[in-house]
Amino acid sequence: MIASSRLILREMIATDAPFILELLNDGDFYRYIGDRGIRTLEQAQEYIQQGPAVSYARYGHGLYLVERKEDGASLGICGLIKRDTLEQVDIGYAFLPQYRGQGYAIEAAQAALADGKSRLGIEQVVAIVTPGNERSIGLLAKLGLVRSRLVKLSEDADGCLLLEQ
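Read left to right, the sequence shown gives residues 106 to 270 (this note's numbering).
Simulated from the structure, these hints should not be mistaken for lab results.
Hints are not guaranteed to be accurate.
[Said to hold, decoys possible] Taking lysine-lysine and the DSSO-like style, the derived pairs with C-alpha atoms no more than 30 Å apart in a straight line are:
1. Lys257 - Lys247
2. Lys174 - Lys257
3. Lys247 - Lys174
4. Lys174 - Lys187
5. Lys222 - Lys187
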């Protein structure tokens, strides 16, 4: 578990499936991150078990559920991700629309980066962003990441903007 002044970042568990189903089917998630094909609670549980849970076990980090301390509300996901297609660990995040623009994403990202550095010795991270996602690019700039180049994560994928520290 990672804590900041207003937030708790914790490992996702199967009972988080309803929230994950909602988040992964948000229109902006589709537009800027992609359609993960998650349409049922069972699929959301499988997503958690085959994605974040595997990452926690293999690398000691992954995407965490972001909760607000004051009321336990699930706001989004944020964390460090190790992808086979990128040399370095990257930071990722997504929040439900009603929780955007309130500083939660930057707070969660700063907490995840600090944990990666102090607990795991991760000194440098990158980020990948859909070109045109200016809000995310702006947030990453506040974290010290700058635009580097376009990359393709797979042969059939559209290009992503790579940002580096």
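Violated hints - listed by number, lowest first: Violated hint (a single one): 2; every other hint is consistent with the structure.
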